[in-house]
Amino acid sequence: MDKNSNKYIFIYSVAMVVIVALVLTSISVFLQPKQKKNIDLEKKRNILSAIKIEYDKNDVEKVFDEYIIEMFVINTEGERIEGINPLEINLKDQLKDSPENQKWPIYIASMPNGEKSYIFSFYGTGLWGPIWGYVALKEDFNTVTGAYFDHKSETPGLGAEIATENFQMKFTGKTIFNENGEFVSIDVRKGGVGNDIHAVDAISGGTITSTGLKNMLHSCFSAYLKFIEKNKN
Amino acid sequence: MLSKKNLKLLIDPINKNNPITVQVLGICSALAVTVKMKPAFVMALSVIFVVGISNFIISLLRNGIPKRIRIIVQLVVIASLVIIVDQFLKAYVFDVSKQLSVFVGLIITNCIVMGRLEAFAMANSPGKSFLDGIGNGAGYGAILIIVSFFRELFGSGTIWNYRVVPQSWYEAGYSNNGLMILPPMALIIVGIIIWVQRSKNRDLIEKN
Chain Z
624 MDKNSNKYIF
634 IYSVAMVVIV
644 ALVLTSISVF
654 LQPKQKKNID
664 LEKKRNILSA
674 IKIEYDKNDV
684 EKVFDEYIIE
694 MFVINTEGER
704 IEGINPLEIN
714 LKDQLKDSPE
724 NQKWPIYIAS
734 MPNGEKSYIF
744 SFYGTGLWGP
754 IWGYVALKED
764 FNTVTGAYFD
774 HKSETPGLGA
784 EIATENFQMK
794 FTGKTIFNEN
804 GEFVSIDVRK
814 GGVGNDIHAV
824 DAISGGTITS
834 TGLKNMLHSC
844 FSAYLKFIEK
854 NKN
Chain H
30 MLSKKNLKLL
40 IDPINKNNPI
50 TVQVLGICSA
60 LAVTVKMKPA
70 FVMALSVIFV
80 VGISNFIISL
90 LRNGIPKRIR
100 IIVQLVVIAS
110 LVIIVDQFLK
120 AYVFDVSKQL
130 SVFVGLIITN
140 CIVMGRLEAF
150 AMANSPGKSF
160 LDGIGNGAGY
170 GAILIIVSFF
180 RELFGSGTIW
190 NYRVVPQSWY
200 EAGYSNNGLM
210 ILPPMALIIV
220 GIIIWVQRSK
230 NRDLIEKN
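As they're listed, the protein sequences go chains Z and H. In the numbering used here, each residue carries its 1-based index in the first sequence increased by 623. In the numbering used here, each residue carries its 1-based index in the second sequence increased by 29.
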C-alpha cells in the first residue's frame, strides 16, 4: 500500500492509538493498588505530623495504628455516618457537594501524655492551587495541639512557608472559641498579633496564601462546628 | 555489538557532543530538578529510559511511519513512555515523584528526546538508535548529577541527603548558600562546566 495515502495514514493512526491505549491502561490498572497505598501512607504521615508525633519512614502504619485510636466520618449536623473509611474521603469532592451531603473525617489520637486529641481535616485554595492540612484540638475542643499544612504549588519562600514547621508551630496553643464561648476560628493576619490567642502572624509576601489559609480554617471548622459544640461540654 | 563505532555512539554524547553543554538542549529541567542529588538522579534515569526506548521503538517503526504524521507518531511514543515512567515513579518512589512533580511530564517536551528521534532514530538501525538514546540520556544525566552535587553540597550542606558539612562549622559561623538553591545558580554552574569542557577540548570552540 502507498505509505502516503490517506487510507494508510488513517489505519496506521487508529492502530497506533488502540495499541498505546491498551498498554497504558494495563500499566495503570496494574500499578494502581500500589499508588493508592502511597497516597494513604502520605495521609497518615500528615495526620501524625499534625499531632507532632515522630515516626520512622518505614513504620508509618504501625505508629498510626498505635496513636490513632478511633476514626470516623460525620456530616455537617455533627452526626456520625457509619460504613465509610475516613481515609477514603476526598475533601475536594466533598466541598463541591451541598453542605447537607458533605462528609467530614475525624481522627481521635491518644497522646503520649494520656490525653485525647481530635484531628480535623482541611482543604482550601491558596494563590496558585489547593492547600490542605490537619489541625488537632485538645479534649476541650478549643485549644490547638498542633497543625500541619501542605500545598500543591505555592511560591517557594513565600506562600510555600505554610508547609514549614516554623509556621505550623505558631498554631499550637491557640484557641478557636473566645471567652464568651463564641466560635472565632483562628485568624491569620499581618502584624500586631502579639499575644492574641485567636490569631497567628501571616507570612510576609504570602498574603493571598495566608488569606486562603485563614478562609480554609474558618470554613472547615464551621463544617465541624456542630460536632464540636455537641461534644464540647 | 560494542564495536568501536557503536561505543562512539554511546560515549560521544557524554562528552564531545553533550546535549546540555554542547548542543544546549534540555536546559529547563536541568535548572529545575538539580537542587538535590536524589531527584536529579531519578530524573536522569527517567530521561535515559525515555530517550533509549523511544529511539529504539521509532527506529523499529521508521520504515512504516507515514512521513506526513511522523512527528505525531514520535510524540505519541514519547508521551506514552513518559506516562509509564510517571506511573512507576508514583508507585515505587512516591517522595521523589512529588519533588519532581511536573517535570517528569515535561520530559515529553525535552528537546533532547525529539531531537534524537528526528536526527538519529529515523535513519538508523534499532540497535544503534538504542545506544545513541542511552548515550544522550546519560550525557544529560551526567550534567544533572554534577550540577546537583554542587548545588546540594553548597546549598544544603548535604550529599544525597547525608550531612557532610559538620554541625560544628555552622556553630562557627558557616552558613548554607541560599543562592545555590535558586535556579540561576544552576545556570551559572552549567556555564562553568561548559567553560571547563571547552578549555580542555579545544575542538569545541567555534572558529570565527
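It should be emphasised that the hints constitute simulated quantities derived from the structure, not laboratory data. Cβ atoms here follow ideal geometry from the backbone N, Cα and C, with glycine treated the same way. There may be inaccurate statements among the hints.
What follows is a set of in silico ranges between Cβ atoms, one per label pair, in the way DEER data are often shown [what the hints assert, rightly or not]: (1) Z:Tyr631 with H:Gln128: 26 to 32 angstroms; (2) Z:Gly706 with H:Lys127: 30 to 36 angstroms; (3) Z:Ile704 with H:Tyr121: 46 to 52 angstroms; (4) Z:Thr787 with H:Ile98: 47 to 53 angstroms; (5) H:Gly207 with Z:Met694: 24 to 30 angstroms; (6) H:Gly144 with Z:Asp716: 40 to 46 angstroms; (7) H:Ile234 with Z:Glu665: 48 to 54 angstroms; (8) H:Val193 with Z:Trp751: 31 to 37 angstroms; (9) H:Trp224 with Z:Asp625: 51 to 57 angstroms; (10) Z:Phe695 with H:Arg97: 35 to 41 angstroms; (11) Z:Asp688 with H:Gln128: 24 to 30 angstroms.
So, going through the hints one by one against the coordinates:
no., hint, verdict
1, Z:Tyr631 with H:Gln128: 26 to 32 angstroms, "44 angstroms, violated"
2, Z:Gly706 with H:Lys127: 30 to 36 angstroms, "31 angstroms, holds"
3, Z:Ile704 with H:Tyr121: 46 to 52 angstroms, "35 angstroms, violated"
4, Z:Thr787 with H:Ile98: 47 to 53 angstroms, "49 angstroms, holds"
5, H:Gly207 with Z:Met694: 24 to 30 angstroms, "40 angstroms, violated"
6, H:Gly144 with Z:Asp716: 40 to 46 angstroms, "42 angstroms, holds"
7, H:Ile234 with Z:Glu665: 48 to 54 angstroms, "50 angstroms, holds"
8, H:Val193 with Z:Trp751: 31 to 37 angstroms, "34 angstroms, holds"
9, H:Trp224 with Z:Asp625: 51 to 57 angstroms, "52 angstroms, holds"
10, Z:Phe695 with H:Arg97: 35 to 41 angstroms, "60 angstroms, violated"
11, Z:Asp688 with H:Gln128: 24 to 30 angstroms, "28 angstroms, holds"
In terms of the numbered hints stated before, the structure departs from hints 1, 3, 5 and 10, listed from lowest to highest.
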